[in-house]
Amino acid sequence: MSDTSHAHQVHAAPTGFIRKYVFSLDHKIIGIQYYFLALIAVFLGMALSLIFRLRLAWPAEHWPMLAKIFPAGFEGGPMTPEFYLSMLTMHGTIMVFFVLTTAPQSGFGNYVLPIQVGAHDMAFPVLNMLSFWVTFVSMVVMVAALFVEGGAPISGWTAYAPLSALGQVAGPGQGLGQTLWIVSIAIFCLASLLGALNFITTVLNMRAKGMSLMRMPLTVWTWFTTAILALLSFPVLLAGGILLLFDRIGGTSFFIPAGLVVSDKVIQHAGGSPILWQHLFWFFGHPEVYIAILPGMGVTSQLLSTFARKPIYGYRAMVYAVFAIGLLGFFVWGHHMFLSGLSPMSALVFSMLTLTIGVPSAVKTFNWLGTLWGGKIRFTSPMLYAIGFVSLFVSGGITGIFLGQTSVDIPLHDTYFPVGHFHLIMGVAAIFGIFGGTAYWFPKMFGRMMNETLGKIHFWLTFIGVNAIFMPMHTMGIMGQPRRYAQSTEFLYLAGVQGYQVVITWAAILTAAAQLIFLVNLFWSLFKGRKASDNPWEATTLEWSIPSPPPHDNFGGKIPVVHHGPYEYGVPGAPRDFVMQADPPLKLGKA
Amino acid sequence: MARALAVLLWLITLGGIALFSGRHGWFPETISEHGPAIDAQFMRTLVVVAIAFVASQIALGWYVWRYREDREGDAVYTHGNTKLEVGIMLVVAVVFVALAALGQKVWAQLHLQDAPADAVQIEVTGQQFVWNIRYPGADGKFGRTDPKLINDQENPVGIDTKDPAAKDDVVSVNRMAIPVNKSIKVTLRAKDVTHSFFVPALRFKQDTTPGLVVPVHFKALKTGEYEIACAELCGLGHYKMKGYLMVMEDAQYEAWLKDRATN
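Quick note, the sequences are listed as chains V and W, same order. Residue numbers in the first sequence follow the numbering used here, run continuously in steps of one, and reach 591 at the last position. Residue numbers in the second sequence follow the numbering used here, run continuously in steps of one, and reach 1263 at the last position.
Extracted from the complex, chain V is given alone in its bound form:
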């Protein structure tokens, strides 16, 4: 279906500051708002990880500077184990929700998707504004959990019940901090739902004439698939969160069984099941992994094709693979629960299904390599991040083959092995997608180029750094280091692990410092960057056929007509080495 842009559909550009930049209805401003929210979140999340890594490397050390900011976390001198756990919980939560779910999908998706399909805005601009501000409220509530009486929650980003359901009796931070955590997540679920509806409707209803589904850029396919995943998975987490809240403040027992005795106190609950929380959480939690990584896969496809000056290898297979990964992602949540007391029979089924996700993932990797093969690669900074993404996707994805097997999971489950695995793939690979997207679309978003030299230095340091942090974690996992331990020195069999903890902490400190280069580049370029042309990368998709930055309604009232596929580079006989989607049909008789 196409949209035939009647003049009255295009909302007029607002004039006041508030309507223009704060409560904006423009998908581009909203995308930028999401992006900067995620930017604040990622630096906060990173700072929290550095704090808890200090304890892992030097458990007995005193940290007077930190103790001034968080006196309760350093009672008695060294960092307390509960403070360590609260930092870890908040790090994971902030990174998963406010960075990995927010930047790739809500940030770039909001900004780029309507332009790439040839629409003047999202389908529901008011809903779009609401979804951003609801996300903002959610983040305020989450950050507040850091500063309340009793401290932030200590039950990890997975908030397993009954630890998360029992309140203060189960440990410090499990009082108000945990309640705020649940409220924040519930609000976040609402915001994600609103966003997902908007993305899906826009893709289905707002495409320009000629923008058939199979001419959509792969970025649009991944944002679309991610929106479907969000639409189907966030309501389940929302339900779980509400039930957990009832257990905590309403006296219900959805997740708390009878006969619990905590710190010698008999708990007055009966009839619930901790496993129910795990099912609800992972029914959301596994698709969430793909919510984080799919947009990065789309960006990588777009960048590899653009800078290799070649059509994407196997476009159709790429589309099917994205859908297959999204679909299979809904049937494998049980692999997080092999050892939970889940029926061992169903573990066998979950395990087989899990390994089949390796098939579309292998297709993606093969086709990315196929895209580079025979190309004329331009090593711009966005391209470096995209190549880094492919490498990290392979390194991080492939270890899933160990963890997805029932038997091999027994020694590795809940050790540093999965920590290394998921950080490489849904953490840093996804973040390389964000870096790549930033370097690539920055000229379009702000009308200026980012500094290439700073971009390249940042890539090199970060790529080496993240490998140095997360690769050794697999070895620590094989040695049997359980995750979420405040220190590794209590067990004899972990004697060999402490050296790794120190090396990883140093690598983390240096990698974090390298992120300042990215920050400097971002803000310096915002004001001082070289002016960008409409199409600085000589790319083909619709956002590159309009000014940088685009006018308020994107296309100046003239919605383009699409004549070509999304990645027509190096077409033999064409006047230049790329054919843009809105270019008139080629005279060769082949489009």
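Below are the BS3-like pairs computed for lysine-lysine, each with C-alpha atoms no more than 27 Å apart in a straight line:
hint, chain 1, residue 1, chain 2, residue 2
1, V, K265, W, K1162
2, W, K1162, W, K1185
3, V, K265, W, K1148
4, V, K265, W, K1242
Rough simulated footprint, nothing fancy, chain W against chain V, three-plus residues with beta-carbon under 8 Å:
hint, stretch
5, 77 to 89
6, 163 to 175
7, 334 to 342
8, 383 to 395
9, 398 to 404
10, 413 to 427
11, 569 to 580
Computed footprint of chain W on chain V; a stretch qualifies when at least three of its residues, placed anywhere within it, have a C-beta under 8 Å from a C-beta of chain W:
hint, stretch
12, 260 to 274
13, 302 to 310
14, 313 to 324
15, 459 to 468
16, 471 to 479
17, 489 to 503
In short, the hints are calculated from the structure, not lab data. None of the values given here were measured: they were computed from a predicted structure. Cβ coordinates follow ideal geometry from the N, Cα and C atoms, glycine included.
Since the structure of chain V is already known, use the hints to place chain W on it.
Below, chain W without anything else, positioned relative to chain V:
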């Protein structure tokens, strides 16, 4: 730039190989009957994964090295090769599914078969932050428990002494003795939050979930003392929730039990 990046990709590949070579840390020696089967499946998986990892990273580095913009000739204009893509898909599907199927056997032995009838019975109850170990005593029956009777100092699992079967129950905190070369049937429970009973040397791990009673079984083949860790976040003392599995000769084990019973 391109060449340096290619070399970096290959160095990362070498780094990955080194970290998985076993020279910089590995599983502790396995002492259980099923352990070698898990280790073998790990090694089979490692071979498959290593081939895919090395091939992908080397190819990525090679293309980065080879297809720079300043090379001779034009970019190849192709939209892919369906036969090749389907071929790759089929190979991967067959290899992965076969691998998964191979690994299921040891899982099935551990979890789908019951413990032998003559297995030694032990109950393990996770608690913030200790392991409570209970033996049924001479009658081979665990006595009734009641949460209301729980007292962390004197009666950590809440044994109801009015039950005749409870009279000879033996409770030990953090120290779990088992006889070598005998099937052990462990009943896993938790009294407060979720924990996970993890004995690295046994290649054994299973959550203790409040409200659930999970029966598991294993056999240790080598005497010695091995650490029991908690592998599920259970609160601030999670990192030091430590117990000891003491694998003993039969006679020694009986003597230990008798000694515990009289104390």
